[in-house]
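**Q** Start from the sequences, fold in the hints, and give me the full structure.
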Amino acid sequence: MKIVGLTGGIGSGKTTVAGFFRDLEIPVYIADDAGKRLLNTSSKIRENVISLFGPEAYEGNSPNRKFIASKVFNNKDLLEKLNRIIHPAVEQDFKNWLQEQSADYVIYEAAILFETGSFKKCDLNILVTAPQKLRIARLQERDNSSKEEIQQRMNNQWSDEKKTKLADFTIKNEDLKETRLQVEHIHEEILKAGKNC
43 MKIVGLTGGI GSGKTTVAGF FRDLEIPVYI ADDAGKRLLN TSSKIRENVI
93 SLFGPEAYEG NSPNRKFIAS KVFNNKDLLE KLNRIIHPAV EQDFKNWLQE
143 QSADYVIYEA AILFETGSFK KCDLNILVTA PQKLRIARLQ ERDNSSKEEI
193 QQRMNNQWSD EKKTKLADFT IKNEDLKETR LQVEHIHEEI LKAGKNC
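Following my numbering, the numbering of the sequence shown begins with 43 at its first residue and continues without gaps.
To be clear, the hints were calculated from the coordinates, so they are not data collected in a lab.
Any given hint could turn out to be false.
Claimed, not checked - BS3-like mimics (lysine-lysine), calculated; alpha carbons at most 27 Å apart, straight line: (1) K189 <-> K234; (2) K234 <-> K137; (3) K189 <-> K214; (4) K163 <-> K78; (5) K162 <-> K123; (6) K204 <-> K189; (7) K234 <-> K163; (8) K108 <-> K86; (9) K163 <-> K175; (10) K78 <-> K44; (11) K234 <-> K162; (12) K118 <-> K234; (13) K189 <-> K108; (14) K118 <-> K207; (15) K214 <-> K175; (16) K78 <-> K118; (17) K207 <-> K163; (18) K175 <-> K162; (19) K123 <-> K234; (20) K162 <-> K204; (21) K118 <-> K163; (22) K175 <-> K137; (23) K44 <-> K214; (24) K86 <-> K123; (25) K204 <-> K163; (26) K175 <-> K44; (27) K207 <-> K44; (28) K162 <-> K214.
**A** The following block contains the structure:
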């Protein structure tokens, strides 16, 4: 079974694209959702996060996301340390999930697929792009974030130019109808490639 990585900068519309693959009955694993779930449920992660950020990192059993975000977004070192706590747990969770799937391929959606080197564990990789202006507008609408906050988050991710060089497919996500057609085309290509193996 092929593992197809799916990524894109913040606000590019990865989740929308993942939904289009789900419509084609392709199993989709969203790494960020798994990370959030594990932050809530894994006592080992809770202990490690508290030892990294202090007791304020959790309110009871729930992570204090605002507090954690305020600590990591201006501190790359802390962000890397947090990723080193969460990513191995997500990787194991994905392996467990993968054993339950039986499709021709699965989608592994992760925001920083290229930045962490996780793309190397995938057979193919898809990059979702959108103009920066559109990405900022989407995020302002979705999160009520300020332009400064959004820019800060974007600065923690690689540029599309850098990621394009590593991607097998690139989806330009501006018009949803067009995006769906691109997903269907890539789906056919992946199935065809699988038959030729």
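**Q** Does each hint fit the structure? Answer for all of them.
**A** Evaluation of the provided hints:
Distance hint between K189 and K234 is unfulfilled; the C-alpha atoms sit about 42 Å from each other, more than 27 Å. Using a Cα cut-off of 27 Å, the hinted pair K234 and K137 holds, with the two alpha carbons roughly 25 Å apart. Among the hinted pairs, K189 with K214 is consistent with the structure: their alpha-carbon atoms are about 22 Å apart, no more than 27 Å. Distance restraint check for K163 and K78: the Cα-Cα separation of roughly 22 Å lies within the 27 Å cut-off, and the hinted pair is therefore satisfied.
At most 27 Å may separate the alpha-carbon atoms for a hinted pair to count; K162 and K123 meet this at roughly 21 Å. The suggested pairing of K204 with K189 holds, with an alpha-carbon distance near 23 Å, which does not exceed 27 Å. A threshold of 27 Å between alpha carbons decides the hint, and for K234 with K163 the separation of about 21 Å falls inside it, so the pair holds. With a C-alpha separation of about 21 Å, the suggested pairing of K108 with K86 holds against the 27 Å cut-off.
Distance restraint check for K163 and K175: the Cα-Cα separation of roughly 32 Å exceeds the 27 Å cut-off, and the hinted pair is therefore not satisfied. Between K78 and K44, the direct Cα distance comes to roughly 25 Å. Compliance with the 27 Å bound is thereby established for this hinted pair. Annotation: proposed proximity of K234 to K162 holds, straight-line Cα distance about 21 Å (limit 27 Å). Between K118 and K234, the direct Cα distance comes to roughly 41 Å. Violation of the 27 Å bound is thereby established for this hinted pair.
Among the hinted pairs, K189 with K108 is consistent with the structure: their alpha-carbon atoms are about 17 Å apart, no more than 27 Å. At roughly 24 Å between alpha-carbon atoms, K118 and K207 fall within 27 Å of each other, so this suggested pair holds. A distance of roughly 14 Å separates the Cα atoms of K214 and K175; the hinted pair therefore holds under the 27 Å criterion. Simply put, K78 and K118 have alpha-carbon atoms about 20 Å apart, close enough for the 27 Å limit, and the pair holds.
Under the criterion of a C-alpha separation no larger than 27 Å, the hint pairing K207 with K163 is consistent with the structure, at around 17 Å. About 30 Å separates the Cα atoms of K175 and K162, which puts this hinted pair outside 27 Å; it is violated. Straight-line distance between C-alpha atoms of K123 and K234 comes to about 40 Å, which puts the hinted pair past the 27 Å bound. At roughly 15 Å between alpha-carbon atoms, K162 and K204 fall within 27 Å of each other, so this suggested pair holds.
At most 27 Å may separate the alpha-carbon atoms for a hinted pair to count; K118 and K163 meet this at roughly 24 Å. Between K175 and K137 the alpha-carbon distance is near 36 Å, which puts this suggested pair outside the 27 Å criterion. Proposed proximity of K44 and K214 is supported: the alpha carbons are some 23 Å apart, at most 27 Å. Between K86 and K123 the alpha-carbon distance is near 15 Å, which keeps this suggested pair within the 27 Å criterion.
Straight-line distance between C-alpha atoms of K204 and K163 comes to about 18 Å, which keeps the hinted pair within the 27 Å bound. Restraint check for K175 and K44: the C-alpha separation of about 34 Å exceeds 27 Å, so the hint is violated. A C-alpha spacing of about 21 Å is found between K207 and K44, which places the hinted pair at or below 27 Å, so the restraint holds. Taking the CA atoms of K162 and K214, the gap is near 22 Å; set against the 27 Å cutoff, the hint holds.
The earlier numbered hints that this structure contradicts are 1, 9, 12, 18, 19, 22 and 26.
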